[in-house]
Amino acid sequence: MSSALNWRHHVVIQSLLSRGPLSEKDLHAMFQDLTKRNPGTERQLFDSFILKINKALSCANFELRACIDQYDGQVYYGVVNTVSDEHSKLGTKYTVPQIAFYKAIIEAIVQDASANAAIFSIHALNLSLDSQVTIVTDSQSQGSQPNVPTALKNFSLSQKEKTLHELVRDQWLDLTTDGVIRLGLKSFLDLRSWFRNNDLPSCHVCNEAGIKAELCQNENCTVRIHHYCLKQLFLQRKVAEVCPSCGTSWPYTVPKAEAEQTEDDNEPRGSKQVIKSERKRRRANRVVDDEVGSNNQDELNESRESQHGNGLVQKRGRPRRSDDADIGGSDASQSLTAISDARRVTRSSARLS
Amino acid sequence: MRMANAAEDFSQFGISKEEKDKLVGELIRYMLFKTHQNSGCPIKREELTQLVTKNYHQRNLPTFVINEAKEKLSFVFGYEMRELQRTQPSSKARTQSSQQSVADSKSYILISQLPPNVYEKYVVDVNTAHLSGFTFVIISIVYLAGGKIPEENLWSQMRRMGLGETESSHPVLGNVKQAFELLVQQRYLQKDKVNGPEGNTVYYELAERALDGPMNDRIKEYISQIVQDNTSVGAA
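Chain order of the listed sequences is C and S.
Here the UniProt record's numbering is used: the first residue of the first sequence is 1, the next is one more, and so on.
Here the UniProt record's numbering is used: the first residue of the second sequence is 1, the next is one more, and so on.
Zero decoy hints are in this set.
DSS-like, lysine-lysine: derived pairs with alpha carbons at most 27 Å apart: (1) C/Lys162 to S/Lys34; (2) C/Lys89 to S/Lys54; (3) S/Lys44 to C/Lys93; (4) S/Lys34 to S/Lys70; (5) C/Lys25 to C/Lys55; (6) C/Lys186 to S/Lys72; (7) C/Lys55 to S/Lys121; (8) S/Lys177 to S/Lys44; (9) C/Lys52 to S/Lys121; (10) S/Lys44 to S/Lys106; (11) S/Lys22 to C/Lys52; (12) S/Lys70 to C/Lys93; (13) C/Lys103 to C/Lys153; (14) C/Lys186 to S/Lys34; (15) S/Lys177 to C/Lys162; (16) C/Lys52 to S/Lys72; (17) S/Lys72 to C/Lys55; (18) C/Lys55 to S/Lys70; (19) C/Lys89 to S/Lys72; (20) S/Lys22 to C/Lys55; (21) C/Lys162 to C/Lys103; (22) S/Lys121 to C/Lys25; (23) C/Lys89 to S/Lys106; (24) C/Lys231 to C/Lys25; (25) C/Lys93 to S/Lys191; (26) S/Lys72 to S/Lys106; (27) S/Lys34 to S/Lys17; (28) C/Lys93 to C/Lys186; (29) S/Lys177 to S/Lys193; (30) S/Lys22 to C/Lys89; (31) C/Lys89 to S/Lys70; (32) C/Lys153 to C/Lys93; (33) S/Lys34 to S/Lys177.
These aren't lab readings, by the way, just hints derived from the structure by calculation.
One chain only, chain C, in its complex shape:
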């Protein structure tokens, strides 16, 4: 076997499986510690290391891949399952109602028309799980559990709260100190195909799903761009600060926290090998919540133009990556909301041309 893995590869695989996703910085440090080679100056060596792992992992439909945390632009690596089959359904300790609750939160986050990719805890706890009945019933049809809808209805507030903390602990979600729920690292890693299959609007620069992004101020324009892609576009490429599509002025200001950190390449340097996932999920109906508070309503209401930017300074509560604590995820100075359906239609039309 010319592509034999040694104990160093095993360390990386087992570490990611056991401890969860690692930042690029931490993975590079581990690689250097294990191999005594510098992944920065010997990038090809690091890439070959990852490629060899992925060739081996593919025999069981796993992949070591990179993703970008869209809130801070940092690159993270993790091992993900690439095929959704009956075996992978065993790989969770969460109950059916808990998974339905997680799905409801994810949908509320990604359907945020202002692309802030966040909801408040109170909003999450009040999400109705009724919209998840179809998905849950279909996935459980073989199990013939007629009481599943009842289980969803009986999922109590305290159970939701407990589940929320478990999802944060396991890094499927992220909870800031001021009670804002955001996507966790595992969601960015695992749901990449789901983002694409559900036709979420993508970033105009990197073409990945633009969940946490800045919107063009032109109401008729559908362009959205990640904050780190904006930085790359305007600062590193030295182009005019206008929308690349419609030419409307794009007022870009460097967030204070980001200005202090060293500028580095934001492009992921993970494995070139991509195993296409065959996971497809039907898009559930939008979650409608009548109990949104006034503050939430100003931010989340898709039919209203927001005159104020998100004043919240979102502090990241991730004890394992204390080195990232200085990087505040401050939002754009001004965000523009547009009707989600209109954007979707326009984008579809654009793709036909």
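Could you slot chain S onto chain C? The hints should help.
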């Protein structure tokens, strides 16, 4: 050479290499996902066999697939798929051993093959490391009691460590009774009810997971280290 043998072995079952690889991959995935879901509880060989026999009925094919999956788990992930022989409580060992077939009592766990220092530095999950400590302490108590201890004696020792059976919100372990019951499910301990002149007595014994060679050796090292530490503390 090994590849040639493998090809010959599977060709006798009338299935292609692709079919074989698919079965092996499925078994690997099952082991990994099930191990995660059940917090490391042993997985019965019968479950693994059924993954193969639901679509293929060739005799001995499950054995070959399981052996191939063992090699792949070691080669790709660095995990040993260790086979355990299910033990019976001592009071039932004589009456039931002849009735239960050997195959039915086999189960598997995944163990990392990394050296302990590397494992501790890179792989140990800080969120669950306290459970390992708890496991070792409980097993050591039963070990020092000769491998079998009355339930009340065991809980008496645990209460001295601040672990009461009614404690449901321990700052580290959470529900102590649940954490303890997990040791039984993971087959570190097994429960044995004995009828005596004074009524039923519940005993806890070491089960196959704790009796497994490397684990057993580590328990001895661990106990002797504690004894040495206590000795040096006493001397100071």
